[in-house]
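> Chain residues, written in single-letter form:
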Amino acid sequence: MKKNLLNLLLLSFFALSSAFAQSRKITGTVKSSDDGQPLPGVTVKITGTAIGTQTNAAGEYTLTVGGGEKSLTFSYVGYVQQIVSILKSSTINITLVSDAKFINEVVITGYTATSRDKTTGATTKVSAEKINDVPFGSFDQTLQGRVPGLSILAGSGQPGTVANVYIRGATSINGSTTPLYVIDGIPVESSVFSTLNPNDFESVDVLKDASSTSLYGSRGANGVLVITTKKGKAGQTNITYDGQAGFSNRTTAKFTMMNTSEILGLQEYLKIGAGYALSPNNPSYTTGTAANRALIDHRRDSVYNINTKWDDLFFRTGKFQSHQFSASGGSEKTRFYTSLSYYSQDGIAKRSKLDRYNLRLNLDHTAGNFKIGVQSGLGFSNSLFIESEAGVALANPYAAAYLGMPYENPFDANGNIITSSYRGIGVQPFPIYDSRIASNALARIDQTNSKNNQTKATVGFNASYQFFKGFSAKTNAGLDYRETYNESTVYPNTYAGSTSVGNSATNPSPGSYTNSNARNLQLIQTSGLEYLNNFGKHDVYATALVENVYNRYTTFGYTGYGINASELNTPAGITAGTATNGFIPVVSGGKTRAGINSLIAIARDTYDGKYTIQASVRRDGSSQVVSSNQYHNFFSVGGTWNVKKEDFLTNSSFIDVLRVRANYGTTASPFGSYSSNTVNFGYLSLYGTTAYAGTGGIAPSTPGNPDYDWEYTAATDIGVDIAVLKNRLRANIDVYVKNTHNLFVSEGLSYTSGFASLNVNAGKMRNKGIEIALEGDVVHNRDLNVTLFANFAYNDNKITDLGQVSEYASGTSIVRVGLPLGSHYIPQAAGVDPATGNYLYYNKDGSVTPVYNSTTQSVASFGTYFAPYQGGFGLNGRYKEFTVSSLFSYARKFSRFNNQSFFLVNAGNAASYNQEEIVNTIWKKPGDITTVGAYTSTRQFSSQDVQDASFVRFRNLQIGYAIPQSVIGKMKYFKGIKIFAQGENLYTWTKWTGFDPEDSNNIASFEYPAARTFTFGLNISL
Amino acid sequence: MKKNYINRYFKAALIVGLVSVIGCKKNIDLKSSDTISTDNAITKAADVELATIGAYAALSYDNTIYANAIMSDEVRWALDNNTRNYGAEHKWQFDASAPGANDVTAAWVNLYNVIDRVNRVLAIIPTLPDAATVTRQKGELLALRAFCTLELVRNYATTYTAASLGVPILTQSSVLGTPVRNTFAEDITQIKADLVSAKALIPASFTTADNTRFSLLSISAIQARTALYEKNYADAITYATEVINAAPLATRAQFPGIWTDVAYNETVFSIKRTSTTSYTGILFRDANNDVFFSPSFKEIDLFDKVNDIRYASYIKQDLTLPAATKEQWLVVKYPGSGANKYNNVKVFRTAEMYLIRAEAYESTNVALGTADLNTLRAARITGYVPQVFVTATDLDNAIMTERMKELFCEGHRFFDLRRKALPVVRDDRDIVTGNAIPKTLAVTDRNYALPIPQAEILANKNMVQNPTYK
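Chains as they are written, first to last, in our numbering: chain A, 1 to 1022; chain B, 1 to 470.
In short, the hints are calculated from the structure, not lab data.
Fair warning: there could be bad hints in the mix.
Said to hold, decoys possible - Per the computed footprint, the stretches of chain B lying under chain A, defined by three or more beta-carbons under 8 Å from a beta-carbon of chain A, are:
| id | region |
| --- | --- |
| 1 | 31-38 |
| 2 | 168-179 |
| 3 | 453-464 |
Unchecked claim - So these bits of chain A aren't anywhere near chain B, every CB distance computed over 12 Å:
| id | residue |
| --- | --- |
| 4 | N164 |
| 5 | R436 |
| 6 | Y751 |
| 7 | K768 |
As the list claims (entries may be wrong) - Quick list of the computed label-pair ranges, beta carbon to beta carbon:
| id | chain 1 | residue 1 | chain 2 | residue 2 | range |
| --- | --- | --- | --- | --- | --- |
| 8 | A | N569 | B | T260 | 30 to 38 Å |
| 9 | A | T689 | B | A378 | 44 to 52 Å |
| 10 | A | N281 | B | L422 | 38 to 46 Å |
| 11 | A | N281 | B | V306 | 56 to 64 Å |
| 12 | B | T444 | A | A576 | 41 to 49 Å |
Virtual Cβ for every residue (Gly too), placed ideally from N, Cα, C.
Just chain A, with the same shape it has in the complex (with noise of 0.2 Å):
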């Protein structure tokens, strides 16, 4: 495969000869149509070959044609290229007239591509510059404050992660919520992006509105991104590097940890864990022997003494570099695009990383009608993870570091971490009066590992042939492949490997290796006839295709146990299972499929250029729902007015654009990841396997669902887009109302049916909005351009209709009709009572109680956890040959429980866990006006913990500066070469005072925040 590559590669390159035949001058002067001035730079071109030169400073250029030329290419970054004759004159002059994309650019939408005043959708396309060079492990975080309602939110910040996204709001309360991902036509899976190369990528168009979601029908619902690579083009073959090397740093925490004379100061005042154990007014101290007193005395000395920086320990400032090399080029014949890159990254808690290497091949060839198309990328990663990531647990470094006591040393005299098993190797060095979580934790880091190996091919062929004039018969085919090889040891004879199964008095710590592998792929066919014409003033389009999907998925994993301490990571070091040992190996495994089988038609008709009106029909077979409801037809309409074609106004020099677009359709929601038999099968009434004494049995596993059906959306858009004073003000205005209906809700089961809930399509949800994006070009002349860029959404959600039920709580929050989906439902906290100090709560008839009672206190008054409100702004700069770009992103009126101050401020925990400093504050005596409760008082989850997470966030700003070409010129080796730096993360405002605030769950509990990354990068092209 891969010989056959590099075959292509070279033959790609030798394609690109041409021929000399009796040649001539030409020259010429190239001006701006912005400010009439002389545009330098400007590469001009002989169409479809490499043969070319540039304008000089005063934008002249002379070049020698051969005598069969006909025509030249002039292209500028930011222009709109021209091909011009050159047939008639040798003396060409031209204007080359600035690329405003928001009037031309291609909106793709997987089955078609059309220009934007022919588009009756919303759609947002986010092109490369946006995209590459941003050092995410994951692509979709690259795409947070791009398109206003496209809602991006980091759940982790550990490299490679993927975030939570939503394009318009979520549609569905107990089905998925992610959108459809497609790359260059093959649906790939979602939320598996670490293996991905954003640098590969040419634009992403997102898909909002019914009239191009609807395209997808059954999985359409929640939005599309469709992703297109980049494809070489004709001409001279370009060969750049891109690298970039920085680092990551932790960003400053909202909030201050006690030190151990603070903590154990708390805990003396509070009569409990060491403080007290080792406090002078400790009746066991002062009625104790003189010899004890001395002792106690020495070992509060050494304990007071010990002031351990936590975060010190666990985390680093993370290394990050990436490397790519890449050619494109080709004749207009075969064109082709590769590159070869590496990514680095290391995150900012130990042992946290991401590499990744990426290979990608795409070659397109055109033979008079006939048009064939290859696009592969292939990549593989190595991730390594922290352990248990945003979990309440002693093995997950971001708790341990906070619930670590200050006055525990982690270490020996010779370096080694004293964990809680340490009796079993020693005895302890010296008294230890901490109960060993952090130090735990601590080792756990080197004495576990959690390893993930990703292989990823995405792989897409196509081919047309127009077999008739405006008729094409095509095709597009291809398939989606990943395999994870996930690998955790648990290293034996480590405080770690005690806490595995198969522990004994005689193998304390056997440790324990597991392994699994999970193979996901996908394949997918589209065929189909296409037809495009032109009668008079009708500008028609239409296909109708036929598209199969298939998905199958594939897991299996063991875990062996009593590990061999020389061979650790490797299956090889496992012990055989035998009926005394304990050491029996456990076994996993599965496998599951689906099928999609379509029928879509596609029809478009624009009017002399005025009025564009599109039709689609998709009729969607499915193997996920019962055989009553198979096949759903999806449909949709949509219409363009560009009204600027009008007679009115095409004379008006204030109004450059002006188009209205209106739609209408139905898609359905997908039914989640297909990789589990639950969603592939959610409708049968199954029995399982389990065992019993090591015998197998079979038991049921779920009630089954008759009726079980699609949940369907129903959107309406209208749109506008505006350009005026010479299309240097631009914006794009849409509403929106999706109704989503058949939601699936939790209907809770009686216990005695074995169950505890059935999903049936019974809910309502409606999720309206408006979005909005500016771009203004404040500054705009040859040397000087100043863009700023703004974009706004508003989605309100609200669920209405439950089917039998009104309401259902779920954990902290509420499913209920006419509030938004995410709605936080806890008791709402009245303070601290000044004259007891307990901690107080509202009763649901405004009156004060001491006495917590979750279920007739909850109330629904904090607000949701999906930010209704988001968006970003920025500006873009270029003065000469630097270049400036920011990017700002905000998500507002949101708010979510914050576990860490739960645990933190928590007197309770004060003998266990260290506490912020505000703990000081704790209610000593009646007339104590404070937050913070009495010991004796209960520390319960209520409204105290809601927070408002609303954030603005200093996301991106990057510098840089294009080495001019009178200098490249020069060195002859070099087409350009651009240096650039770049933060990531600079700053966030927020009233949060948990770790990060980004993220779209509901409870914040210990997650990897968001690093703060700065690189420097260096762009070069050959």
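Since the structure of chain A is already known, use the hints to place chain B on it.
Same frame as chain A, now just chain B:
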């Protein structure tokens, strides 16, 4: 020209032709390979055995052990525990909404799950061509249903009196069912009927070496416990005697082996544990060796630590742990770590039968009751001198104490107090550690009865909550 067209159409057809190769109805008519459709899950006798194993697989006694320990005076809040571990239950501060994952309402969910599994199989058995060959499994299933119903009654009946609210009797599976609560007396009647039927179906020859399936003898044990709660002392004596005669008490030499599963003496029924199941010890000691609950000092002081063989098998003081900062007192009956971590859960032992029979004799023959108590104590305590009790009350007090000792953390203490309508009273030394542990749970207090899960109340319009939780 014509040929050219044919060529063109041929090429076009070739491109679109892929459709016919891949696209067909087969692509969307898929069957799940990893699961078994309910319709054809049980079609022959062999499937009945599989489904019977499936019912046993769900059976848990841990919830009962948990409720009886945490709610009563058997254990105390251990030094290593922090507020998150079962605090509300131990402090008697919970309402009907689930206070935690391992809360006192979990038994409801678990036991009805087993009953549903049983009922599904029982409904199918008569339709099988070879139904006659599965009589033993049918007996086991009935025994399982009776056992689970008895456990539900013990956990959730408002009180153990005939007219009191019991639990719904379920004899057939229904996904959308909304059953009502039967009375305590109706429940007992159903349990007894199931057990009588089961006894007629299970052959005497059917036993397992480790007694992890219901044999004839274990049904007698269920009958004896049922009779105790029914206060039907004649039945209690009859059935307890059946067990006592067939499965003598372990000797002092054998006794420690019961708890490490090297000996199965006097173990009439236990639930099998393996390294792939949960383990009971985690109720008392976390996987990271933090001790949540320790034997109460009240409990510890009951034992003759030198001569009573039970003490060392049940309770341990780990002196290698630093007393100031780590909890030293451990429930070692379910060790929670080490090779013995997955020891089987002992549900019925002959010792309990002696105690049931002794209690049953109280009202009719104090001497025979005393004899049973003395027999048990003599088997446990070196150099035991038989005691004499004059009044039924004296004997009853002694039996209650002996039950607290013998059946420590075996799922009885809290329910025994409820049977006798006695308050839970903790020792002062047992409420020192931890966060404001109350001393007494009065009979009239909210948490003296356990709540029906709030989710059940919401889902089942016919369900009635226990009165103190309304």
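> Does each hint hold? Answer for all of them.
Status of the hints after comparison with the structure:
1. 31-38: This one holds; 7 residues, not fewer than the three required, reach chain A with a Cβ under 8 Å.
2. 168-179: holds (count 9)
3. 453-464: With 8 residues close enough to chain A, the hint holds.
4. N164: holds (25 Å)
5. R436: violated (9 Å)
6. Y751: Violated, since 5 Å does not exceed 12 Å.
7. K768: Fine: 31 Å to the nearest Cβ keeps K768(A) off the interface.
8. N569(A) x T260(B): 30 to 38 Å: Hint holds: Cβ distance 34 Å, inside 30 to 38 Å.
9. T689(A) x A378(B): 44 to 52 Å: Cβ of T689(A) to Cβ of A378(B): about 48 Å, so the range 44 to 52 Å holds.
10. N281(A) x L422(B): 38 to 46 Å: holds (40 Å)
11. N281(A) x V306(B): 56 to 64 Å: violated (38 Å)
12. T444(B) x A576(A): 41 to 49 Å: Between T444(B) and A576(A), where Cβ atoms are some 59 Å apart, the hint is violated.
Checked against the numbered hints given earlier, the structure breaks hints 5, 6, 11 and 12 and satisfies all the rest.
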